[in-house]
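A.B. asks: Each chain is listed here by its residues.
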Amino acid sequence: MAILIKNFKSNFVSLVPLILLFFITLNGMSTVDLNFFTVNIHFILVYYFALRKPELLGNGFIFLSGIITDVIHGLPIGTTALTLLVVAGVASYVRVVTVRISLFTDWISFIPTLLLASLTYYFVLNFSDYSIDYIYLLKNSIFTLIFYPILWILISALLNLLGESN
Amino acid sequence: MDTSRDDFGIAVRSAFLRKGTKQRFSLFVLSIISILLLFFDSMESKPISFVRSFVKDTIYRGSLIVSSPINGFSYVSKGIVNHFQLYSKHSELEKDYKILKNSISKSEFLELENIQLRKLIDEQTSSSNNYTSSRVMLDKQSPYLNSFIINSGSNKEIKNGMAALDGANFIGRIIDVNFFSSRVLLVTDLNSKIAVITEPSGNHAILSGHNNKPITLDYLPENHLISNGDKVYTSGKEGIFSPGIPIGEVKIVKKKINVSLFSELTQITFVNIDLGAPREKK
Numbered sequence: 001m002a003i004l005i006k007n008f009k010s011n012f013v014s015l016v017p018l019i020l021l022f023f024i025t026l027n028g029m030s031t032v033d034l035n036f037f038t039v040n041i042h043f044i045l046v047y048y049f050a051l052r053k054p055e056l057l058g059n060g061f062i063f064l065s066g067i068i069t070d071v072i073h074g075l076p077i078g079t080t081a082l083t084l085l086v087v088a089g090v091a092s093y094v095r096v097v098t099v100r101i102s103l104f105t106d107w108i109s110f111i112p113t114l115l116l117a118s119l120t121y122y123f124v125l126n127f128s129d130y131s132i133d134y135i136y137l138l139k140n141s142i143f144t145l146i147f148y149p150i151l152w153i154l155i156s157a158l159l160n161l162l163g164e165s166n
Numbered sequence: 001m002d003t004s005r006d007d008f009g010i011a012v013r014s015a016f017l018r019k020g021t022k023q024r025f026s027l028f029v030l031s032i033i034s035i036l037l038l039f040f041d042s043m044e045s046k047p048i049s050f051v052r053s054f055v056k057d058t059i060y061r062g063s064l065i066v067s068s069p070i071n072g073f074s075y076v077s078k079g080i081v082n083h084f085q086l087y088s089k090h091s092e093l094e095k096d097y098k099i100l101k102n103s104i105s106k107s108e109f110l111e112l113e114n115i116q117l118r119k120l121i122d123e124q125t126s127s128s129n130n131y132t133s134s135r136v137m138l139d140k141q142s143p144y145l146n147s148f149i150i151n152s153g154s155n156k157e158i159k160n161g162m163a164a165l166d167g168a169n170f171i172g173r174i175i176d177v178n179f180f181s182s183r184v185l186l187v188t189d190l191n192s193k194i195a196v197i198t199e200p201s202g203n204h205a206i207l208s209g210h211n212n213k214p215i216t217l218d219y220l221p222e223n224h225l226i227s228n229g230d231k232v233y234t235s236g237k238e239g240i241f242s243p244g245i246p247i248g249e250v251k252i253v254k255k256k257i258n259v260s261l262f263s264e265l266t267q268i269t270f271v272n273i274d275l276g277a278p279r280e281k282k
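First to last, the protein sequences are chains A and B.
Anchor point for the first sequence: position 71 equals 71 in the numbering used here, and the numbering is continuous, going up by one each time.
Anchor point for the second sequence: position 136 equals 136 in the numbering used here, and the numbering is continuous, going up by one each time.
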């Protein structure tokens with residue numbers, strides 16, 4: 001019985017990132033907009049798990065969630081998928097070159113990640129003849145960066161609570 | 001120097017080309033697939049459109065199911081708030097009812113007068129409206145596109161470019177048609193540019209959306225006579241929309257000509273799609 005409960009708990013923990021990712025994707029909540037405040041939770045989730053727990057969030061799922069976001073938000077199919085893969089790619093690179101991971105190093109490396117992600121968005125939407133609100137993009141990147149530590153702590157706390165140790 | 005360049009190359013290769021633990025695809029392969037999808041998305045061919053429509057319809061339905069608990073929760077919370085406002089609403093409605101009752105006799109007289117005058121000028125009125133009604137299926141606030149999904153598509157003969165109306169008021173146009181769903185691009189979107197005419201000043205202009213900022217009238221002549229309260233209608237000059245569909249009214253704020261819409265875009269449940277001139281019966 002104890003083994004069964006332990007197995008169930010371990011399976012559930014491994015599914016938490018996926019559930020979170022697809023919940024926000026299918027609900028169209030990848031970007032939270034509250035008047036001036038706008039945060040891209042999608043980027044933060046992908047970056048966090050690609051950096052800290054890549055075994056819990058497969059690249060295929062990141063790609064799929066990007067495709068779903070594109071369809072729901074009416075963007076050219078592949079835009080968000082490519083952007084999220086860039087985010088995951090930079091996170092993987094940071095993971096390879098960094099010896100000791102801390103919130104501060106994560107946060108600092110998130111700056112070039114956001115820049116590259118916004119650049120990808122810009123290129124893809126520019127080639128697809130979509131008008132881009134640059135101020136919005138900048139605002140979104142800044143608030144996503146500011147909000148990153150809060151979500152970092154929340155996700156870490158959630159994973160610790162569920163028994164997924166570092 | 002060479003060593004650091006090598007290290008960088010190794011790290012990049014490791015991040016993008018190597019499959020990590022429990023990873024089935026490498027980031028590089030998926031990025032190539034994304035680029036290919038972007039390329040295919042811009043292509044117009046029947047098999048691609050068929051697959052695209054099928055995928056989009058499936059995702060819209062999936063999203064509808066997944067978001068139903070959240071929608072249900074907001075529906076219940078709105079219901080509770082409405083319940084608490086019931087008494088004040090009832091008193092307001094009672095007042096309105098009295099006012100309306102008094103004005104009914106007036107309007108009946110005006111209607112009669114209208115019929116007589118129409119007869120007098122021998123006017124032949126015939127409606128050319130050919131609308132199909134649809135329900136708003138998904139209204140996800142996208143940061144990059146002000147739009148929503150309706151539950152009719154090519155099954156109801158909807159085509160790209162058709163006008164979407166809230167009652168009789170223009171709210172946007174169709175930009176993407178699937179089998180059982182379509183996307184309406186709202187007039188507030190940054191990508192929305194509509195040819196309009198103002199009344200009574202009679203100036204032609206382009207109605208431009210700016211996402212969260214107010215809609216503006218652009219490309220007006222220098223000596224225009226537009227003033228506050230002027231009505232804005234589609235001009236039909238672009239040859240896509242019927243002329244004379246009401247959109248909103250002019251509100252000049254700090255010398256900037258904004259347009260206030262007749263419809264509240266966040267409160268729309270049903271839309272009419274203007275299918276163009278009705279087909280002649282054989």
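Heads up, a few of these hints could be off.
For lysine-lysine, the following BS3-like pairs were computed, each having C-alpha atoms within a straight-line distance of at most 25 Å [stated by the list, open to error]:
{"id": "1", "chain 1": "B", "residue 1": "140", "chain 2": "B", "residue 2": "89"}
{"id": "2", "chain 1": "B", "residue 1": "256", "chain 2": "B", "residue 2": "231"}
{"id": "3", "chain 1": "A", "residue 1": "139", "chain 2": "B", "residue 2": "140"}
{"id": "4", "chain 1": "B", "residue 1": "78", "chain 2": "B", "residue 2": "89"}
{"id": "5", "chain 1": "B", "residue 1": "78", "chain 2": "B", "residue 2": "140"}
{"id": "6", "chain 1": "B", "residue 1": "231", "chain 2": "A", "residue 2": "139"}
For the record, the hints were derived by calculation from the structure and aren't laboratory data.
Here the structure is a predicted model, which is why all the values come from computation and not from measurement.
A.B. asks: It remains to establish, for every hint, whether it holds in the given structure.
C.D. replies: Here is how each hint holds up against the structure:
For the suggested pair residue 140 of chain B and residue 89 of chain B, the alpha carbons sit about 30 Å apart, so the restraint of at most 25 Å is broken. Of the pairs offered as hints, the one joining residue 256 of chain B and residue 231 of chain B holds, with about 16 Å between alpha carbons and a cut-off of 25 Å not exceeded. Between residue 139 of chain A and residue 140 of chain B, the direct Cα distance comes to roughly 20 Å. Compliance with the 25 Å bound is thereby established for this hinted pair. Using a Cα cut-off of 25 Å, the hinted pair residue 78 of chain B and residue 89 of chain B holds, with the two alpha carbons roughly 15 Å apart.
Between residue 78 of chain B and residue 140 of chain B, the direct Cα distance comes to roughly 18 Å. Compliance with the 25 Å bound is thereby established for this hinted pair. Simply put, residue 231 of chain B and residue 139 of chain A have alpha-carbon atoms about 35 Å apart, too far for the 25 Å limit, and the pair is violated.
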